[in-house]
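J.: The lines below spell out each chain.
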Amino acid sequence: MNNKYLQEDLLRMSGVNPKKCMRCGKCSATCPAYDEMEYHPHQFVSMVENGDIEPLINSDSLYKCLTCFACVDRCPRGVEPAKLVEAVRLAAVRRQGANHLKADMVPDMLDDETPQQLIVSAFRKYSK
Amino acid sequence: MKVAYFPGCTLKNKAKQLDDYAKKAAEALGVTLEEIEEWQCCGGVFTTACDEVATKLSSVRDLVAAKNKEQPLVTVCSACHNVIKQTNHAMQTNKEFADKVNRYMGEEPYSGETQVYHYLELLRDVVGFDAVKEKVVNKLSGKKIAAYYGCLLLRPNGVMKMDDPENPTIMEDFIRAIGADAVVYANRNECCGGYIAMESPDLAKKKSNAVIENAKAAGAEMIITACPLCKYNLIKNGADIPVVYFTELLAEALGVKEDTNE
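In order, the protein sequence lines correspond to chains A and R.
Numbering-wise, this note's numbering puts 331 at position 79 of the first sequence, and it's gapless, one number per residue.
Numbering-wise, this note's numbering puts 105 at position 48 of the second sequence, and it's gapless, one number per residue.
Hints listed in this document are in silico derivations from the structure and should not be mistaken for laboratory results.
Just to be clear, a hint being listed does not mean it is correct.
[Said to hold, decoys possible] Using 25 Å as the maximum straight-line C-alpha spacing, the simulated PhoX-like pairs for lysine-lysine come out as follows:
1. A/K278 x R/K262
2. A/K278 x R/K263
3. R/K273 x R/K196
Construct the complete structure from the given sequences, taking the supplied hints into account.
T.: This is the structure we're talking about:
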């Protein structure tokens, strides 16, 4: 896919304007999944801005974001990086056969106390 | 008074106590929670992408059901509340999105008219914590309780508008209203790991442990939450103090806990 179109699509879906970012790194500093990520929230912002999107689409970092909205609320410039992470994740899982979580994987992940909410949320985030 | 009530999928299964105690306690406070008919799952998490329409229809249907009943919509589960409130906000503020959604709805277009309350907001803003205090028959005096907000009740604050997202007081005020001592600690609005428990249980463990240890270090003997997934993560990851739903404590304080069939 032409990166220019993909980039425009991501910005439109997310409503994020990466040019507002002043590179303070507060989003990554407050991210609870920081240690698990190959690309961190501030890198999502700058890499999408530069059209360097393929590495993000293929990175497991997409599935480490907890959608806790900490970076959304704590960004002093209102960039809202989690919305960009979500857009890239959707660009990844919307591709044919690219679901990150498949139904037949689920039974092994459950225990007697697993709340329904956990299964519903994981499917909503990881699959289309 | 009567309000429309959205319980959500988990409250009919693993979190039955959250639902039962919420209804019993509300009744004791003069509020009847009327479950909306044929409600549908909220979707668990809100998808922030504005071109996601189908995944948000179920929440809009719930909001429309409350509008048709001419009642505010009350939720208890933090996740349901977050999804329904964010969906309502999108219907109010994004015309293009609302137009797409309304093509799936009935004759009358919906544009976010329903007022959405979390149960805690109902206690604070409609019933009033002072009125709650007057109805307490079993004061939980001396009990040191830590409120665990997690993420979804407070953020994104521009939409949720429940409280100050960095220094919230609504749950502590609730704890004081039922006669107990509120323990304030730093991690009360940090993430438990949420749905990452599904495929990276180690990360959920790390995040949940940080909350538990921080609450205990501040002197907590008990943690309260409004979220079934927070409760699951904290208990599964070794909480050695009780983690209970806030509605259970409310029912206990109001003297209606024993009426509840678990």
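J.: All hints are to be evaluated individually against the structure, with a verdict given for each.
T.: Verification of the supplied hints:
1. A/K278 x R/K262: holds (24 Å)
2. A/K278 x R/K263: holds (21 Å)
3. R/K273 x R/K196: holds (22 Å)
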